[in-house]
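Engineer: Given only the sequences and the hints, what does the whole structure look like? Please build it.
2 protein chains.
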Amino acid sequence: MDLKLKIHNSLSKKKELFTPINPGFVGLYVCGPTVYGEPHLGHARPYITFDVLYRYLDHMGLKVRYVRNITDVGHLEDELAGTGEDKIAKKARLEKLEPMEVVQTYTNSFHDKMDMLNNKRPSIEPRASGHIIEQIEMVKQIIANGLAYEVNGSVYFDVMKYHEDHNYGELSGRILEDLIAGAGEERRTLEGQKEKRNSVDFALWKNASPEHIMRWPSPWGIGFPGWHLECSVMSAKYLGETFDIHGGGMDLLFPHHECEIAQAKGATGKNPVNYWMHNNMITINGKKMGKSLGNFITLSEFFSGDHKSLEQAYSPMTIRFFILQAHYRSTVDFSNEALQAAEKGYNRMVNAKNTLNKLVHPGNEKAGNENAEAAILALCERCFDHLNDDINTAQVLAELFEVSSKANAYQNKQADIAELSLSTFDKMRKIFNLMFTDILGIRDESTADQGGEKLDGVMNLVIDIRKSAREKKDWDTSDKIRDSLNELEINIKDGKEGTTWN
Amino acid sequence: MDLKLKIHNSLSKKKELFTPINPGFVGLYVCGPTVYGEPHLGHARPYITFDVLYRYLDHMGLKVRYVRNITDVGHLEDELAGTGEDKIAKKARLEKLEPMEVVQTYTNSFHDKMDMLNNKRPSIEPRASGHIIEQIEMVKQIIANGLAYEVNGSVYFDVMKYHEDHNYGELSGRILEDLIAGAGEERRTLEGQKEKRNSVDFALWKNASPEHIMRWPSPWGIGFPGWHLECSVMSAKYLGETFDIHGGGMDLLFPHHECEIAQAKGATGKNPVNYWMHNNMITINGKKMGKSLGNFITLSEFFSGDHKSLEQAYSPMTIRFFILQAHYRSTVDFSNEALQAAEKGYNRMVNAKNTLNKLVHPGNEKAGNENAEAAILALCERCFDHLNDDINTAQVLAELFEVSSKANAYQNKQADIAELSLSTFDKMRKIFNLMFTDILGIRDESTADQGGEKLDGVMNLVIDIRKSAREKKDWDTSDKIRDSLNELEINIKDGKEGTTWN
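Protein sequences appear in the order of chains Y and U. Sequential numbering of the first sequence, starting at 1, is according to the working numbering. Sequential numbering of the second sequence, starting at 1, is according to the working numbering.
Keep in mind that a hint or two might mislead.
[As the list claims (entries may be wrong)] With a cut-off of at most 27 Å between alpha-carbon atoms, the simulated DSS-like pairs for lysine-lysine come out as follows:
#1 473/U x 467/Y
#2 467/U x 467/Y
#3 493/U x 358/Y
#4 480/U x 358/Y
#5 493/Y x 96/U
#6 473/U x 96/Y
#7 473/Y x 480/U
#8 63/Y x 96/U
The set of hints was computed from the structure by calculation and includes no laboratory data. Computed from a prediction, not measured in an experiment: that's the story for all the values here.
Structural biologist: In structure tokens, the structure reads:
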């Protein structure tokens with residue numbers, strides 16, 4: 001198969017043609033959530049972004065093994081300094097729960113929200129706490145290679161030593177000297193920093209203080225793994241020491257992904273990942289949204305509208321549409337206006353899709369208008385071109401809006417459907433459905449409640465009949481309507497602005 | 001709080017008053033599925049059974065930590081002999097997948113089906129593969145206590161040695177001498193048996209042959225844990241070395257649970273579990289249903305009706321009702337007739353519940369009929385008595401059928417609702433809802449489609465109005481109805497047997 005997909009590789013800072021290591025197969029690793037709180041809008045973006053990538057790779061006939069981890073141990077409060085409490089252990093302590101109860105609660109919630117957002121489930125969802133042995137093995141390997149050292153039961157990665165033969169900063173573009181200079185002040189003050197040979201060193205294994213509840217035996221005593229380690233270990237275990245694509249949010253690029261590269265090269269000498277992809281952030285008034293920043297809105301709150309910053313509820317598909325309307329490498333700023341616009345856009349497109357799928361083409365094999373025909377054929381090609389151009393969902397949606405306008409024009413007889421040949425019309429319809437439903441993964445939320453939609457329509461009819469009956473003083477009919485609706489527990493209310501019901 | 005719950009303890013073979021170790025808290029462990037295939041009817045029973053126990057304990061104000069594991073490694077094909085391939089590794093080999101892909105697929109499916117059956121999610125759902133270190137630690141402890149031995153990189157539990165100071169067979173009632181005599185023939189022939197000192201010994205750790213894909217380093221070389229070990233380890237980790245209740249299917253009583261006791265006592269010297277509960281089996285024509293037996297029907301097949309033995313689809317709540325209509329320690333034999341009866345019973349009870357909740361009591365504070373009043377008050381008490389009597393859901397449902405008949409009689413004026421005082425009527429209604437919805441966990445499946453139900457009602461009204469209009473030659477109204485319905489894509493059809501619509 002001739003792949004035309006180009007991916008912006010954060011490592012080379014260029015768009016590169018995607019070539020899998022094993023023809024026909026793709027290994028995809030995406031950093032999953034740290035399950036110590038309700039998933040928020042900041043979680044929606046990476047998982048929707050890489051879901052579309054997964055769907056498109058699958059559409060092209062590639063067999064994708066999609067690994068997305070669950071971080072249930074090791075993510076410290078201040079990861080850069082390597083200090084603070086484990087995030088899950090802290091939550092457990094605050095809520096007087098066993099840490100794994102915290103993990104279970106928020107893993108369940110995360111799964112539920114991902115299902116609602118119509119993200120396909122990954123092939124493997126490994127947990128950090130489920131791979132302690134493998135993490136210990138990798139630490140042993142890095143120590144054996146002379147690139148890590150043990151102090152007081154903790155093991156740190158020796159960044160300076162690594163940098164002698166490698167380039168710490170190759171992914172993030174950070175300059176090691178600057179990092180060291182910048183961290184100088186902190187180094188002297190922060191507990192945990194004192195053990196390090198250098199402030200830029202990071203923990204592979206942390207000694208557990210007696211009160212630390214998540215703990216395992218290791219060659220260095222009782223402790224727990226550093227956060228960066230799990231992704232190196234689990235990606236290597238399930239995808240191999242070098243695999244195709246690693247995705248995640250741009251906030252993970254440094255230090256998390258930089259450290260992943262260092263760990264993998266430090267252990268195996270091999271480059272772990274061929275293509276690094278990073279989605280940009282969702283901001284609120286220009287600031288990153290995140291649990292640790294305290295300015296986040298959970299997905300539950302979006303779906304219910306129950307948050308002081310929200311003017312209304314926004315459905316899962318509104319959120320998905322909102323996110324896909326931007327290219328994944330652009331920032332997206334949250335606002336009610338933007339989400340309301342996305343909701344309108346989503347509804348317009350769903351309606352157009354239903355219109356399009358109901359249109360009846362007269363069957364002419366030759367186009368009535370060669371220009372219109374050529375334009376549609378070009379549009380269909382462009383949809384794939386946009387996906388091949390670093391998964392440009394924003395441009396795909398723009399093309400689908402074009403098709404929507406066409407569908408509406410044919411429906412309203414503002415344009416003649418026979419301007420297209422049957423085969424081109426069929427192709428346009430097929431591509432629309434493929435792009436919208438299968439690749440962008442947008443679900444028609446209205447079909448779930450089609451009974452409700454029809455009920456609205458029939459009720460309008462009934463209210464109309466009742467009005468006429470009352471005007472004609474046909475009390476039999478109007479009483480019958482009132483009584484029947486009462487039995488169905490439907491109340492109608494006559495007000496200034498007409499009759500309403502609930 | 002004064003607990004009156006009696007539990008049939010498989011260990012004493014008696015009903016015993018339940019007294020938790022820590023007042024107000026309950027530790028509950030239930031053996032979860034081995035995720036190498038679609039969940040089947042045999043899975044529905046234990047998880048519904050212990051879900052009702054969980055709900056009732058919760059109702060009584062106890063704080064329950066409910067741990068249910070996922071077996072994703074170590075369950076051999078022939079567990080009794082300790083031979084054969086790992087079940088998940090075999091499935092992975094057959095399907096050319098990484099074992100953890102098999103695990104992910106069937107764990108997802110299991111979760112989906114449990115949600116559909118309205119089983120509450122456990123507090124913690126630990127995986128065997130996520131607790132290898134803890135399992136190795138327990139094996140080391142048992143070896144240190146002289147109750148296990150290593151041969152060729154595998155470690156076996158020394159049952160004879162254990163039996164010197166303990167009673168192997170205390171749970172199952174098996175006589176060790178009989179077990180040894182019975183296994184004598186096998187012992188000489190089965191590979192893997194040769195390493196054991198005695199045929200009744202069981203594996204704590206298995207040496208992994210080079211082609212075995214699930215493998216971890218251990219003090220005894222590369223291998224994987226024995227199946228029985230995980231439950232001992234994970235229950236102790238999350239519930240303590242001695243905890244309150246351990247549940248599971250009767251098929252797990254021997255050897256699995258017998259071995260759990262031996263492992264725990266062998267490691268800590270302590271009795272691990274105060275109350276052992278075992279649900280009986282679902283049979284097909286008197287035979288146990290099970291994946292390894294090849295005669296199982298998956299839950300998906302029940303829900304779709306797509307299986308040669310099924311005459312129709314059966315909804316999740318029909319399955320739940322069917323299972324709860326028997327006491328959990330009785331066998332239940334599957335047949336279409338039995339499920340159809342359960343479906344009828346379920347529908348009857350849901351309708352009665354809706355009737356009951358709509359009934360309007362006149363408000364008399366004194367009962368019109370003292371006998372009726374006393375009978376209902378006694379019935380309400382009996383619901384709790386039945387639950388306290390080893391969770392007798394069958395008897396609770398029988399009482400709820402009584403209430404259903406009452407509700408229908410009041411509705412049809414065959415009995416006078418004023419025979420009950422207002423407070424007793426309210427109590428009856430409250431208890432019915434508590435038992436049906438909260439404790440038995442039965443969901444009203446029709447409410448999911450309430451839009452549809454109301455639409456039916458309103459359409460009947462519209463068809464009625466149209467008929468009258470036509471009789472009155474009021475063509476304006478009948479035309480308006482026809483046109484409006486056409487717009488809504490609702491077609492009405494006049495036939496011999498009246499007017500229908502779709």
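Engineer: Next, verify each hint and record whether it holds.
Structural biologist: Status of the hints after comparison with the structure:
1. 473/U x 467/Y: Satisfied, since the Cα-Cα distance of roughly 19 Å is no more than 27 Å.
2. 467/U x 467/Y: 18 Å, holds
3. 493/U x 358/Y: 22 Å, holds
4. 480/U x 358/Y: Holds: residue 480/U and residue 358/Y sit about 24 Å apart, inside 27 Å.
5. 493/Y x 96/U: Violated, at roughly 63 Å.
6. 473/U x 96/Y: 74 Å, violated
7. 473/Y x 480/U: 18 Å, holds
8. 63/Y x 96/U: Given pair residue 63/Y, residue 96/U holds - Cα atoms ~12 Å apart, limit 27 Å.
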